[in-house]
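Enquirer: Spelled out, the chains give:
Number of protein chains: 2
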Amino acid sequence: MHGQTGIEPRTLQTQTDDCWLAAATKSKIPDRFAQAVVDIVGSENVSTTDAVREQHGHDESYHTTSPPDIVAFAESTEHVSQVAKLCNDHEVPLIPFGSGTGLEGGINALKGGLCLDLSKMKKILSVHPEDFDCTVEAGVTRVTLNNYLRDTGLTFPIDPGADASVCGMCATSASGTNAVRYGTMRENVLNMEVVLPDGRVIHTAGKGRRTKKTSAGYNLTNLFVGSEGTLGIITQATLRLHGIPEATISAVCSFNTIQEAVDSTVQILQMGIPIARIEFLDEVSVDACNRYSKLDMKVAPSLFFEFTGSPDTLDKQAEVVKDIASMNGASEFKWASKPEERNQLWKARHDILYACMALNPGSKPYSTDVCVPISNLPEVITRSKEAIQKAGVIGPIVGHVGDGNFHVFFPTDRSNPEEVKKISDVSVYMAQIAMELDGTCTGEHGIGMGKRGLLQQEIGDEGMEVMKQLKSTFDPKGIMNPGKVFPE
Amino acid sequence: MHGQTGIEPRTLQTQTDDCWLAAATKSKIPDRFAQAVVDIVGSENVSTTDAVREQHGHDESYHTTSPPDIVAFAESTEHVSQVAKLCNDHEVPLIPFGSGTGLEGGINALKGGLCLDLSKMKKILSVHPEDFDCTVEAGVTRVTLNNYLRDTGLTFPIDPGADASVCGMCATSASGTNAVRYGTMRENVLNMEVVLPDGRVIHTAGKGRRTKKTSAGYNLTNLFVGSEGTLGIITQATLRLHGIPEATISAVCSFNTIQEAVDSTVQILQMGIPIARIEFLDEVSVDACNRYSKLDMKVAPSLFFEFTGSPDTLDKQAEVVKDIASMNGASEFKWASKPEERNQLWKARHDILYACMALNPGSKPYSTDVCVPISNLPEVITRSKEAIQKAGVIGPIVGHVGDGNFHVFFPTDRSNPEEVKKISDVSVYMAQIAMELDGTCTGEHGIGMGKRGLLQQEIGDEGMEVMKQLKSTFDPKGIMNPGKVFPE
Chain A
1 MHGQTGIEPR
11 TLQTQTDDCW
21 LAAATKSKIP
31 DRFAQAVVDI
41 VGSENVSTTD
51 AVREQHGHDE
61 SYHTTSPPDI
71 VAFAESTEHV
81 SQVAKLCNDH
91 EVPLIPFGSG
101 TGLEGGINAL
111 KGGLCLDLSK
121 MKKILSVHPE
131 DFDCTVEAGV
141 TRVTLNNYLR
151 DTGLTFPIDP
161 GADASVCGMC
171 ATSASGTNAV
181 RYGTMRENVL
191 NMEVVLPDGR
201 VIHTAGKGRR
211 TKKTSAGYNL
221 TNLFVGSEGT
231 LGIITQATLR
241 LHGIPEATIS
251 AVCSFNTIQE
261 AVDSTVQILQ
271 MGIPIARIEF
281 LDEVSVDACN
291 RYSKLDMKVA
301 PSLFFEFTGS
311 PDTLDKQAEV
321 VKDIASMNGA
331 SEFKWASKPE
341 ERNQLWKARH
351 DILYACMALN
361 PGSKPYSTDV
371 CVPISNLPEV
381 ITRSKEAIQK
391 AGVIGPIVGH
401 VGDGNFHVFF
411 PTDRSNPEEV
421 KKISDVSVYM
431 AQIAMELDGT
441 CTGEHGIGMG
451 KRGLLQQEIG
461 DEGMEVMKQL
471 KSTFDPKGIM
481 NPGKVFPE
Chain B
1 MHGQTGIEPR
11 TLQTQTDDCW
21 LAAATKSKIP
31 DRFAQAVVDI
41 VGSENVSTTD
51 AVREQHGHDE
61 SYHTTSPPDI
71 VAFAESTEHV
81 SQVAKLCNDH
91 EVPLIPFGSG
101 TGLEGGINAL
111 KGGLCLDLSK
121 MKKILSVHPE
131 DFDCTVEAGV
141 TRVTLNNYLR
151 DTGLTFPIDP
161 GADASVCGMC
171 ATSASGTNAV
181 RYGTMRENVL
191 NMEVVLPDGR
201 VIHTAGKGRR
211 TKKTSAGYNL
221 TNLFVGSEGT
231 LGIITQATLR
241 LHGIPEATIS
251 AVCSFNTIQE
261 AVDSTVQILQ
271 MGIPIARIEF
281 LDEVSVDACN
291 RYSKLDMKVA
301 PSLFFEFTGS
311 PDTLDKQAEV
321 VKDIASMNGA
331 SEFKWASKPE
341 ERNQLWKARH
351 DILYACMALN
361 PGSKPYSTDV
371 CVPISNLPEV
381 ITRSKEAIQK
391 AGVIGPIVGH
401 VGDGNFHVFF
411 PTDRSNPEEV
421 KKISDVSVYM
431 AQIAMELDGT
441 CTGEHGIGMG
451 KRGLLQQEIG
461 DEGMEVMKQL
471 KSTFDPKGIM
481 NPGKVFPE
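Read top to bottom, the protein sequences are chains A and B. Here the UniProt record's numbering is used: the first residue of the first sequence is 1, the next is one more, and so on. Here the UniProt record's numbering is used: the first residue of the second sequence is 1, the next is one more, and so on.
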C-alpha cells in the first residue's frame, strides 16, 4: 500500500477497534486510503464521524452543507505535504480548512473527499518588531495573533469581523473595516509557505524572505492570496504589522441622503486625512443598531469615523472631517473621545450582524458583498434598496465606504426556500448592478461556490480561460477544492 | 503569407524602394516577416536601421547593447495583438519597450527578434477624480500623467527617478522615494489590459473594472506587475491616484553612525507618523551632494525627511521626528519649510545620480539595489561599504530606508573591464549578504539579465520551477523577452 501511495512506511498501525475505521466504511473513502491518511497524521488526527464531517462541510454562509468523506488534522507542513501527495496520487478531492468562517461556501465539500483542517498548526514562528513583520502557521487566528502581539506595540490590523485563521484570510483575500487605512491581505502578506497538490513545498517569495518590497521574479505571493484553496494549501504566512496608534477618537454623524454621506467620504479622502475607518450604515442598519445596542442614533444614512494618531493631531483631523460633513448636510455629529463611549460605538458596529438578525427573530444571516468605484456607490446602494423593497425582504446595508465596498446582511429564514430564493435573486441583481458600474461582484468575501457564474461575467471569457490555465498548471488533476471559483 | 500568419490582409503594400526593406536584408529577419509587420503597423512604424535598433538594444544600465533585428512602433492594442500573434506563429523573439529607462538590461534583445516600442500609445483614456483612479495607455510617462492631473488635485506618486512609461513601471514593479507612504506599483495598479503572446487580449481584473479592492478570482494584475515583459505585453493600466497634500515640509539631519539613522527610522515608523519620504545618504553621497548641488551638509550618514499633510498637523509630526532623531544622536537638524529651500534639498536628492557620477569624471552609472528587513540594514550597509572599500572603487550609498531598500550608484568607467568586474563582484556580494539577511537581491530594479543567477538562489529550486511553469503556461513557445528573469 505504501509503495502505491509513495509514502514512506511510518507507524503502520493494525487498529481493529478504532471508531474512525468503523465510521469510514460508511463513506466513499476506501479503507486503504483512510489507513494511509492515518499513517501520515496519526489516528488521533483523522475522523469520519458524521458530526466532524458535518462541521467541516459548511462555513457561516447560507449554502447547504456538503460534508467531506474524511477529515484530517495536520500538525505540520510535512503532514500537509504528504496528505496532498496522497490525495493527488489517488485523485481524491482535497479541501483546506482554516476556521470555517467564510461567507461563500468556500469549504463545502461539493465532491466529497478529504478536508484538511489546519487549526492545529498554530505556532507563532517569529515576530520582528523593528521590521514590522511576523511569521505564523496556518491555523493562527487574527485575535490570537493580536493578543500575542500586544506587548510589542504592534498590531495586525486586517479585521474581517470573524476570528478567522490568518491563512484562511490569505486564501480569501480578506479585508474589513481597516482596509481604507491599511489595505487588504493583498498588501499585507509578504511571503507564504504553500504546499502544492503534488506535495512540493514552495515559499512564494523565497524561504525566509520578509522584505517590505521586492522586484525579484513573479509575484507568487499575490497569486496564492485570494486563490481560495484551489491552487495549493497555505501553511505559513509572513505578515506586515503596524504600530498601534497612540490615540484614537471616534465620531458618528447622520445625513439626509446616501449621496451626502458618499460626497463627504470622497472629500475626506481627497484631503489625504489618514482616517482609520469610515463605515456607512443605512437607516435600516442604524435602526437595528439602536434596538440591539441600546443607542439613540438618528435613523438616517450615517457614517461612523475612527481617527488615530498622535493625540496632538487628532482633534485637528477630526475638526476638518466635521467641517466637511457639515458642509454636506450632516447633522447629529457626535464625538466619542472617551474609551467607554468609543467602545460602545464600535461595539455596536461590530455587533451589527447580530443586530440585523434580531430584526427577524430566529433568522440566520445571508450576507453578500459588492464593491464599486466610490462615485458609483450612491447609485448601486439606491438601486439595491429598491430591489430589496420590491422583494419584500429585510436588507440592512453596511459599507466600508472608503473602499466603495458594502454588504447586505439579510436576516433569513433558511428553512423557507421562497425567502431564500428572493434574497438570492436580490444578491445576484446587486452584483449585476455593481458590474454594470465598473465594480466587482465581491470586494472581500470571495467567489467560493456562491458567485461562480458572476465571476465568468466579471472577468470575461479570455480572463477566465487564463485563470483556468493557471488552475491546470498548479493542479493538473483538479483535486484542489473542486467546484469552487470556476463555473462547472 | 497572410494565410500562414493568420493575419487578415489589410493594406498589403508592394514597396520596392523602402529604406526599411533594404535595411532588413542586413538582419536575420526574413523580408516576408518584415513585410507582415509593415502590413500590421504601417511602414512609418517599422525600422531596421542600425541607429534605431541600437537605441532599442539597451536601457540605462551597464549591460552591453544587444540590438533587436527589427523595431516596430505600436499605435493601438490591435497592433500589439497582431504583432504578438505574428511573432508567436513564427517563433520570433518579442521584446516590449516602454521608455528604455530600466537598470537591469530588461529590454536588451539577447536573442535578437522584434522590439515592440509602445511609446506612441500615449492616450490618457480616463481620469475619475472622485474615485482616485485613471486609465492610461502603455506609453504614457509618469511626468506626462502628473502634468495632466495637475488641475485635479491628484497625483500618481510612484517615482522611480526616471521619467519611465507607466507600463514599463508596471512590468518592473517599480517604486522609489514615495513607497514608504504610498507603496509600490503592486499596490497602485488596479487593472491592466495585457496582450498575451498568442494575441489574446485580457483585462486582468475584467474589462473596465476599477475598484479599490476585489476578491474575485486569481490576482492576474499582480502576476503581470513585475513580469518584466516575459509573460505578455501590458497595453493599458488603471492606476490608483492620491490627493496632493495640502502642505509639505522637509528636513535633513546627520548622525554619527548608520545604526543611529536606522534606529531613528524604525522609531518614527513605530509611532505611525505618516511620513512621506525618509531617505538615507551615506557620507560619500552627502559629499557628492555638497559638491554637485552646492550644499553644506555635514559629511556624515544622513536622513532626508519629507512631511506632508494639513498645515496644522505638520509641525507636530516634524517635532516628534526631531525628538526621536535627537535622542538617537542626530545633529545638524535643518528645516526647509519654504518652498525654495525644500526644492533645493529634494533637487539635491533627485540629482544624486549625477552628483555621484561627478565623483569620477567621465563615468557612467552602474546602479544596483538590494532590500532587507529594516533591522538588518546597518549590517548589510556596513558590510557593503567594507567590500566597496576593499575593491578600491567609489560606491556612494543612497537608500529608501523606510523600506529597507538601498542603492549603490557606482560611477563607472565602462570601457575599463577590470573596473566593471570589480563593481560587478561587489554588487553580487551585496546581493548575497542581503539574501543571507532575509532580504532580496532587488527591491525595485527587477531581475532583467543582470540578476538571473541570484534569483535562482533567492527563490529556491521549487519556486523557480513554479515560475518556469507559469512562464510556459503563458508563453509556451518562449518568445516573450527571452533570456530575462530565468537563468539559462
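Any given hint could turn out to be false.
Identical chains share a label here; the pair holds if one copy fits it or two copies do between them.
[What the hints assert, rightly or not] Result set (DSS-like, lysine-lysine): computed pairs, CA atoms no more than 27 Å apart in a straight line:
hint: 1; residue 1: K347; residue 2: K207
hint: 2; residue 1: K120; residue 2: K421
hint: 3; residue 1: K471; residue 2: K85
hint: 4; residue 1: K390; residue 2: K421
hint: 5; residue 1: K294; residue 2: K338
If you're looking for bench data, these hints aren't it; they were derived computationally from the structure.
Enquirer: Evaluate K390 and K421 at a C-alpha cut-off of 27 Å and name the case that applies: within, between, both or neither.
Expert: So K390 and K421 pass the 27 Å test inside one copy only (14 Å; across, 75 Å).
Enquirer: Pop the pair K120 and K421 into one bin, within, between, both or neither, using alpha-carbon distances up to 27 Å.
Expert: neither (37 Å within a copy, 52 Å between copies)
Enquirer: If the cut is 27 Å between Cα atoms, do K294 and K338 qualify within a copy, between copies, both or neither?
Expert: within (18 Å within a copy, 52 Å between copies)
Enquirer: State whether the alpha carbon distance between K471 and K85 is at most 27 Å within one copy, between copies, both, or neither.
Expert: both (17 Å within a copy, 24 Å between copies)
Enquirer: Given a CA cutoff of 27 Å, do K347 and K207 count as a within-copy pair, a between-copy pair, both, or neither?
Expert: Cα proximity of K347 and K207: none, with 40 Å in one copy and 39 Å across.
In this structure, the earlier hints numbered 1 and 2 are contradicted, and the remaining ones agree with it.
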